[in-house]
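The listed protein sequences correspond, in order, to chains P and H.
Going by our numbering, the first sequence opens with residue 240, and the numbers climb by one from there.
Going by our numbering, the second sequence opens with residue 9, and the numbers climb by one from there.
In short, the hints are calculated from the structure, not lab data.
Incorrect hints may have been included.
[Unchecked claim] Stretch-level coverage of chain H by chain P, calculated; a stretch enters the list once three of its residues show a Cβ under 8 angstroms from a Cβ in chain P:
no.: 1; segment: 31 to 42
no.: 2; segment: 45 to 52
[Unchecked claim] Coverage of chain P stretches by chain H, computed from C-beta distances (three or more under 8 angstroms per stretch; other residues unrestricted):
no.: 3; segment: 313 to 324
no.: 4; segment: 340 to 354
[What the hints assert, rightly or not] Below, a sample of chain H positions facing chain P; criterion: calculated Cβ distance under 7 angstroms:
no.: 5; residue: M56
no.: 6; residue: L69
no.: 7; residue: I72
no.: 8; residue: F79
no.: 9; residue: G110
no.: 10; residue: Q111
no.: 11; residue: G112
Every value quoted in this text rests on a predicted model; they were computed, and no experiment measured them.
Ideal Cβ placement from N, Cα and C applies to all residues, glycine included.
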Amino acid sequence: NAGVMQNPRHLVRRRGQEARLRCSPMKGHSHVYWYRQLPEEGLKFMVYLQKENIIDESGMPKERFSAEFPKEGPSILRIQQVVRGDSAAYFCASSPGHLDNSPLHFGNGTRLTVT
Amino acid sequence: EDKVVQSPLSLVVHEGDTVTLNCSYEVTNFRSLLWYKQEKKAPTFLFMLTSSGIEKKSGRLSSILDKKELFSILNITATQTGDSAIYLCAVVYNQGGKLIFGQGTELSVKP
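Given these sequences and hints, build the entire structure.
Here you go:
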């Protein structure tokens with residue numbers, strides 16, 4: 240049973256370009272979460288999605304960031320017009336249901352570097 | 009403001025030592041507390057705690073929750089170099105849709 244799969248593992252973008260990060264949850268998991276980890280900081284919540292629905296995006300920056308989890312295919316975190324401050328590790332996590340009953344399982348992350 | 013605070017932020021010990029990592033929280037409508045271990049890659053799940061006073065144990069690791077005093081501890085006995093990692097505490101709160109992490113404790117075990 241494959242774990243949470245994220246790709247790419249490393250992504251380098253120049254300022255102003257777009258970054259697209261992909262996440263395939265564990266089999267049977269319908270809840271997806273995105274977290275960002277800046278150097279020397281803990282994991283910061285960004286967005287919580289279920290299939291075709293954004294449940295909570297309170298951690299997403301107001302501009303340039305968007306996320307989706309379509310009916311078919313992986314969840315995508317999209318960052319438009321990247322800036323140096325977007326450089327971070329972006330982790331995706333999934334769970335089979337509500338967090339009351341099941342812990343999050345994390346992918347290995349995508350390390351985004353903006354040059 | 010909802011928050012999770014871990015201490016110490018970093019810790020250096022020698023193999024065989026016992027360590028205690030601390031996690032305190034202030035959140036709305038607490039649901040559960042989780043511990044994760046993060047090496048170079050993904051955080052890996054260690055424990056999920058929902059009830060006060062019940063110790064969870066896995067090998068040399070154990071953890072307990074105090075919902076009255078709003079904290080949890082993670083103990084590691086007879087530490088090994090392979091225990092070197094960042095240990096993350098996280099709290100599920102507010103109808104279970106949110107998970108907030110502490111800053112982590114970076115543990116380094118020297119041979």
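Hint check results:
Check result for the segment 31 to 42 of chain H against chain P: holds, 3 residues qualifying (beta carbon to beta carbon below 8 angstroms, three or more required). Residues of the segment 45 to 52 of chain H with a Cβ under 8 angstroms from some Cβ of chain P number 4, which satisfies the need for three, so the listed coverage holds. Under a criterion of three residues with beta carbons nearer than 8 angstroms to beta carbons of chain H, the stated coverage of the segment 313 to 324 of chain P fails, only 0 such residues being counted. For the segment 340 to 354 of chain P, the stated coverage by chain H is satisfied: 7 residues place a CB nearer than 8 angstroms to a CB of that chain, which reaches the threshold of 3.
At a threshold of 7 angstroms, the smallest CB-CB gap from H:M56 to chain P is about 5 angstroms, leaving the interface hint in force. Because the smallest distance between the Cβ of H:L69 and any Cβ of chain P comes to about 15 angstroms, over 7 angstroms, the interface hint for this residue is violated. Residue-level restraint check for H:I72 is violated (minimum Cβ-Cβ distance to chain P is 17 angstroms; threshold 7 angstroms). Proximity of H:F79 to chain P is violated relative to the hint, the smallest CB-CB distance being about 17 angstroms (cut-off 7 angstroms).
A hinted interface residue such as H:G110 counts as satisfied when its beta carbon comes closer than 7 angstroms to some beta carbon of chain P; here the least separation is about 6 angstroms, so the hint holds. About 4 angstroms separates the beta-carbon of H:Q111 from the nearest beta-carbon of chain P, less than 7 angstroms, and the hint is met. With 7 angstroms as the threshold, the beta carbon of H:G112 comes within range of chain P, its nearest partner Cβ sitting at about 5 angstroms, so the hint holds.
In summary, the structure is inconsistent with hints 3, 6, 7 and 8 from the numbered list given earlier, while agreeing with the others.
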